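Enquirer: Spelled out from the first residue to the last, the chains are:
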Amino acid sequence: MAHSARRDSPELPDFSLLKRLARDQLVYLLEQLPGKKDLFIEADLMSPLDRIANVSTLKEHEVDKLYKVEYKPITSTSDQLCFLIRPRIKTVKWICDVANADKATGKFRRYKIIFTPQKFYACEAVLEEQGIFGDVTTDEWAFYLLPLDDDIISLELPEFFRDNFLAGDQRWVRTAGSALHLLHSLYGPFSKVYGIGRCSKMAYESWREQVAEGEQRTRQAEIGRVFLIDRDVDFVTPLCSQVVYEGLVDDIFRIKCGCVEFGPDVTSDKSVKVMLNSQDKVFNEIRNEHFSNVFGFLSQKARNLQTAYDKRRGMDIKQMKTFVSEELKGLKQEHRLLSLHIGASESIMKKKTKQDFQELLKTEHSLLEGFEIRECISFIEEHINRQVSMIQSLRLLCLLSITENGKFYGVDHLLTFANLRHLGLLVEQQPGETLTVMESKVGKLVNDKTAGKLTDAFSSLARKSNFRALSRRLNLVPKSGEEYDLRVPRDMAYIFSGAYVPLSCKLIEQVLERDGWTGLEEVTKLLNGNEFAVTGSNGADSKAKNDAQRIILVMFLGGCTFSEISALRFLGREKGYKFIVVATAITNSSRLLESLLDNHV
Amino acid sequence: MMKSKADEEDYWNSSKFKAFTFDDEDDEFSRLKESKQAVNSIRRLVEEDDDEDDVEKVSWSGEPVGSISWSVRETAASNQRTDREPTFPKINTDTPTLSKSNSGYSLSSLFKGKTKGGNFQSFNDSLSDLSVRLYAPELRKPKSEYKDYVSDWSPEETIQRMQQGKAFSLEKFRSLQDKLLLLDFAVSAHDGNVITAVLIYLKRTLGKEVLFRELESRQTALRHLIQYLTETRDQRLLLELLRSLCRTGPCTTGREHLSITDENKRRDFLKSCLSLPFSPEDSAHVQDHFTLLERQIIIEATDRQAERGGKVEIFQKFPRRASILNMPLVTTLYYCCFYHYTEPEGTYSSSLNIRQTFKISEKQYFVTALAARAKLKAWSDVDALFTSRNWLGFTRKKSPLSFQRVVDILQKNSAPTQVLQDYVALVDDAELRISLAQKHKCHDIVINTYRDLKDRQLLLGYRGKVERGSAEERKIDELLNNPRRSKKGRRRRRRRVGAVPTDHH
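Chains as they are written, first to last, in UniProt numbering: chain G, 1 to 601; chain E, 1 to 505.
Hint data in this document are derived by calculation from the structure and do not stem from the laboratory.
As the structure is a computational prediction, the values presented were derived from the model and not from experiment.
Just so you know, even glycine gets a beta-carbon here, dropped at the ideal spot from N, CA and C.
Some hints could be false.
Restraint ranges, calculated between C-beta atoms of paired labels, are given here [stated by the list, open to error]: (1) 233(E) with 43(G): 17 to 23 angstroms; (2) 263(G) with 287(E): 20 to 26 angstroms; (3) 43(G) with 343(E): 44 to 50 angstroms; (4) 320(E) with 378(G): 54 to 60 angstroms; (5) 441(E) with 315(G): 44 to 50 angstroms; (6) 72(G) with 428(E): 54 to 60 angstroms.
Extracted from the complex, chain G is given alone in its bound form (with noise of 0.2 angstroms):
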């Protein structure tokens, strides 16, 4: 792994800070219903307090028994019942249900609420509208941010990216902007900020709102500067295959909260949960790696640990002894990853051989490039035609359309996508197939009326995409033919294989080199404006903090995915800079496209 990593990269700052603050603040509001009580906690709300606080320490609050919310009456017996939610009315319409029926055979309980990470009005316009406002108190949990990782911190928010973006409702900018000031008054001031898209700008707004509101005394600055970018100025990125090895794990096994679960395919054994950050030695070497490297990688690793093993041989007692103290712990803490890694990249492979996966990736690289476009159409015609999934075939489909400025929709090709249209949702159930639980479940709700509002929502989102336009000007799409090794990657493109610098990427590296938006006048335009570049007034004098000035927080509104996060790590080595990635959730394509589909009821 050889990169010209600069030495002098800045430390950086210590998040810890945000989750003993959640976790103190959580303790604060379960002390406020002093006795014993029942907690409900809302299902996506689990693994993000698992990773503050834990059962004793909601015992120690008296927390009796823990439930998670599935919306059927309760068995909880506890006179004090408290639900922590996130702000949604079918939670609450659920909670106004249980409390009515308790009123109904006269069962007196107190009731408490904790939103978090806010209380919205339409929330208490139903408990007012249900008759129960006054009999639950409701209180609000400021749980904004969550590390998941020393450089990544999300929101966790995925209803984030169709909320804003699909329905147009503005319920998270708010939410945005609190988070950014949170982190602005803990590691800021802050004295530069960039951002790109609409929602990228009403946060901003909504941040300096609460900026001027408040007060706060002067601090070092350890993060200096800001970017915050919409996900809807690059929808491309997202929506390419991930081939480095955290994006295809989160692919393949979907990382949820900085946690994986390897089933036996991995394991030859029972499934496990596995944390993946930067204190998996193993992982952390590989992580940012194209999977190409990645068998080298672990082979040599192997290698190695035999050597360390072999040592043993030949040793006296003495030196035994001092082996088993010193080494032995280590050895076996990295040799339980090894294998684990190991079992994961050969589950990997195996399912990527099935799907034929290198076919896949080649007309998704056809398709950024826009070369053969009629063979990449008739290998998604097939795709969709041998119903092989799914969410892949709308994956194919959107990143067509974006990337070909919806020529598609022309008439050389009007046949052919009513055709894909009308069938391209209509899957079939394959038993054991290489489809996942979800997706055929996803199949079998999926009607032709869905088929047409996921277009819909789709063209909305897509509006025009000057994808072509874009990639010549911001050089995104490197010349084919040149070779491209994959072990020493010269540009951020080795993320994908050499084919691709991510648009997202790209435009943070430029910005941040320009110091501004001067010279992209032409990008910007192609993007639909809404960029913009402001400077603090009083804190320009960057020599005491220059430091500060190379720890760049960006902000993705509307979800980030790994091979992002990658990407701008090679770019931090490269220039010198550190990035944290603040993410309203981690995305990938999968995710991205299931949030659109209608099949809810």
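Once you've looked at the hints, dock chain E against the given chain G.
Expert: This is chain E only, laid out in the frame that chain G set:
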């Protein structure tokens, strides 16, 4: 007779260097297997005195639990009044869609002369209150504290208070003008939470017609209301709203449609939908959807009876796993290819009829029929799908799909090697043919292709992969010993125009 060594080497081409591919099972994969073995070989040692603490999850934080008092100290520290930090400029976030003309008020006139932030300072609670909010939840203040002045806020101030989570009241905004001002300020604040809150108030206090009319020129607010009604499942109002906007929302009817479980009612509902003013494209979808369901109801009734009767062999041999009702079109086609393949085109359940009615593309039909017949192991049907006669009466195999895909489909339906071999041989590209043949163990094809490529290395390598003492091994040996003879064979074969490499001793 021995040939000179040089001659030999001249004859054989060198093996081509191969780059990494994901399909490459051999090289990288075996390396991986080796590392796995290496790791496994030391597993025993590792587990000798395995203390379980090693297996626990790696936690990232490592920091001990902070105390509440610590948090409170932190809050206090952050409250110390010091210099103001860099202030940032306001940027224009006004949306071009925000229409000001229709309502008769101009937003810009309202903003005129107001400096941003200045009006905050008058609220004595705003400063201290907010920085605390970050660290500890806001303590509930008795309502009475606000009582005296709660109703004095202007629309703009009210929106700001709502954003900050402070007490407010909307009841005093009674004129339409005030209500709309409130809404416009909410929209320009870009806080969806507040926009929705105002909309809930407007929905309660304005007639539908008035509300809908005003929203037509306020797209952002409109989208928030649609989202709110969708979330609260207020189908009735949502439908009315969409109708008043002349949006025939497939989402609305779709949702309603999906909630109908009885298939006959569903059919009738669809029939009633046919007259709705959908766009031509959508109405074609609805029509197809209706026809399909109608068809499914007929097929289901007949087949269920046939299955129960126990007289029809295919239903006995392959009992149906689920009813065909409400299944997608392609599934229906597959079903018909499976159970009703031989029926004449005139019947409702005939696969050809389905193909005709729904104008299914040749490729789609082909793929589906192929999969269904292969599943039944009806190899003659499979064969017939490919056969076409030219004008001389010769048969040759044609496929709208590449033969690589055909092999893939057949293999997934567990076709035997004999069947696969026929189709692997039809793959045009030599490299592809070899990799497919290797994958599916069609030895003859591999050997013949290597022979044609004159690649001694590969032939030698492949010798290790076939069974000892098998016919394949003998064939390889023969080729290796007598390259010339087989070369002659190759020449002979070449004369057969357009033929594909098959075995010929």
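Enquirer: In ascending order, which of the hints set out earlier in this document are inconsistent with the structure?
Expert: Of the numbered hints, 2, 4 do not hold.
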